[in-house]
Every structure is written in structure tokens, then in C-alpha cells.
Amino acid sequence: SSDLCSQLMKFQFCGGLDAPDLFLSQLAIVTRLPYLRVKTFANHVIAQYLGHKLNYEKLNKFADDAEFKLIETKEVIDCIDYIVKNAATFDVSPDQLARELQQLGLQKKNSESIMKAYDKYKDELRLHFSKSTLKRKLC
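Counted the way the working numbering counts, the sequence shown spans residues 111 to 249.
Keep in mind that the hints were calculated from the coordinates and are not lab data.
There's no promise every hint is true.
[Stated by the list, open to error] Okay, derived cross-link-like pairs now, EDC-like style, lysine to aspartate or glutamate, Cα gap no bigger than 20 Å in a straight line:
| id | residue 1 | residue 2 |
| --- | --- | --- |
| 1 | K168 | E182 |
| 2 | K184 | D229 |
| 3 | K195 | E234 |
| 4 | K226 | D188 |
| 5 | K226 | D205 |
| 6 | K149 | D191 |
| 7 | K149 | D131 |
| 8 | K241 | D201 |
| 9 | K232 | D191 |
| 10 | K163 | D191 |
| 11 | K163 | D131 |
| 12 | K218 | E167 |
| 13 | K219 | D229 |
| 14 | K218 | D233 |
| 15 | K168 | E234 |
| 16 | K184 | D201 |
| 17 | K120 | D131 |
| 18 | K226 | D201 |
| 19 | K149 | D205 |
| 20 | K171 | D191 |
| 21 | K171 | E182 |
| 22 | K195 | E177 |
| 23 | K218 | E234 |
| 24 | K149 | D229 |
| 25 | K241 | E185 |
| 26 | K149 | E234 |
| 27 | K195 | D229 |
| 28 | K195 | D205 |
| 29 | K218 | D229 |
| 30 | K226 | E177 |
| 31 | K179 | D191 |
[Unchecked claim] Have a look at the derived ranges for each label pair, beta carbon to beta carbon:
| id | residue 1 | residue 2 | range |
| --- | --- | --- | --- |
| 32 | P130 | Q212 | 28 to 38 Å |
| 33 | G215 | G126 | 31 to 41 Å |
| 34 | K120 | K168 | 34 to 44 Å |
| 35 | K168 | K226 | 15 to 25 Å |
| 36 | Q213 | R142 | 24 to 34 Å |
| 37 | D233 | L164 | 16 to 26 Å |
| 38 | L132 | L164 | 27 to 37 Å |
Just so you know, even glycine gets a beta-carbon here, dropped at the ideal spot from N, CA and C.
Work out the full structure: start from the sequences and follow the hints.
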């Protein structure tokens, strides 16, 4: 029965493995944000992979509005970065990503905010991460 349970708790965006503990603690922080803030964070995190600089000042302002500490802002960025990077690397469908995030306890609107940002740029993200993976293999 525990084997069945562990098989059910594998996530495609985690490469078919369990979600890491650090990620789960970061996800708990994301659950405290309103979905529009999650959407903004997701769009900013994705933009950095498309050639834009991450606007920490703007994200810190959003976090201040949510009464977050600076370290919590960094945790949210790291969490969304982990989601987006892994979802693109493991070619997870947007719908599957939203389902898995909800299974991990993220509210439906928040998971959909991340999923929509990911879906919009999925092809560009896959291309970006396939190039960076190739560079690592060649070095």
C-alpha cells in the first residue's frame, strides 16, 4: 500500500520523482499570494529566460503589498522558477502542470496563473532549456 502511495505522488514536472521538501516549503509561501500576484511573478520569472532582466524592485513592491519579507519574495521566485524550468525541461503539458500543482496544494486560480504563463511561452522555454542542456553536455 505504501508503494502504491509513493507511485501516486510522482510528478512529471519533477522528472517523475517526488516533489523536493525545499520546493514544498516554498510552495506553501506561494499559496499565501493572491492569484494576480502569482501571475505577475510567473510572467517575470519566465521573462528572464526570454532575454529580460528579472525586475526585483517591482517584485519586491508586490511582495511588500502582500506583507512578505524579502526572503519570502526570493522563495516565491525560486519556487516558480523551479516549476517553469522543470515543466519545460520535462515537456509537461500545461493542463498536467496545473493538475500537479493543485495536487500539491496550490489553489486552482494560482496554479492556473502559472500554467497560463507557462503555456504562452512553452515553446520558447523548451528551446531555451534544450540549448542550455546541450551546452552543459558539451562542456
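Verification of the supplied hints:
1. K168 - E182: 14 Å, holds
2. K184 - D229: Violated. K184 to D229 sits at ~23 Å, over the 20 Å cutoff.
3. K195 - E234: The given pair, whose Cα atoms are some 12 Å apart, holds under the 20 Å limit.
4. K226 - D188: 18 Å, holds
5. K226 - D205: 9 Å, holds
6. K149 - D191: 13 Å, holds
7. K149 - D131: Distance ~23 Å between K149 and D131 Cα, so the pair is violated.
8. K241 - D201: Roughly 14 Å separates the two Cα atoms, so the pair holds.
9. K232 - D191: 13 Å, holds
10. K163 - D191: Holds, at roughly 14 Å.
11. K163 - D131: Roughly 28 Å separates the two Cα atoms, so the pair is violated.
12. K218 - E167: 27 Å, violated
13. K219 - D229: Judged against 20 Å, a Cα distance of about 15 Å means the pair holds.
14. K218 - D233: This hinted pair is violated, its Cα atoms lying about 23 Å apart.
15. K168 - E234: 24 Å, violated
16. K184 - D201: Roughly 25 Å separates the two Cα atoms, so the pair is violated.
17. K120 - D131: Holds: K120 and D131 sit about 13 Å apart, inside 20 Å.
18. K226 - D201: 15 Å, holds
19. K149 - D205: Within the cut-off at roughly 16 Å; holds.
20. K171 - D191: 19 Å, holds
21. K171 - E182: 12 Å, holds
22. K195 - E177: Violated, at about 27 Å.
23. K218 - E234: With Cα atoms ~25 Å apart, K218 and E234 exceed 20 Å; violated.
24. K149 - D229: 12 Å, holds
25. K241 - E185: 26 Å, violated
26. K149 - E234: 18 Å, holds
27. K195 - D229: Answer holds: K195 to D229 is near 13 Å, not above 20 Å.
28. K195 - D205: 16 Å, holds
29. K218 - D229: Holds, at about 16 Å.
30. K226 - E177: At roughly 25 Å apart (the allowed maximum being 20 Å), E177 and K226 break the hint.
31. K179 - D191: Within the cut-off at roughly 18 Å; holds.
32. P130 - Q212: 28 to 38 Å: Between P130 and Q212, where Cβ atoms are some 18 Å apart, the hint is violated.
33. G215 - G126: 31 to 41 Å: Hint violated: Cβ distance 20 Å, outside 31 to 41 Å.
34. K120 - K168: 34 to 44 Å: The hint (34 to 44 Å, Cβ to Cβ) holds, given that K120 and K168 are roughly 36 Å apart.
35. K168 - K226: 15 to 25 Å: Roughly 19 Å apart at Cβ, these two residues keep to the hinted range, so it holds.
36. Q213 - R142: 24 to 34 Å: 19 Å, violated
37. D233 - L164: 16 to 26 Å: 21 Å, holds
38. L132 - L164: 27 to 37 Å: 20 Å, violated
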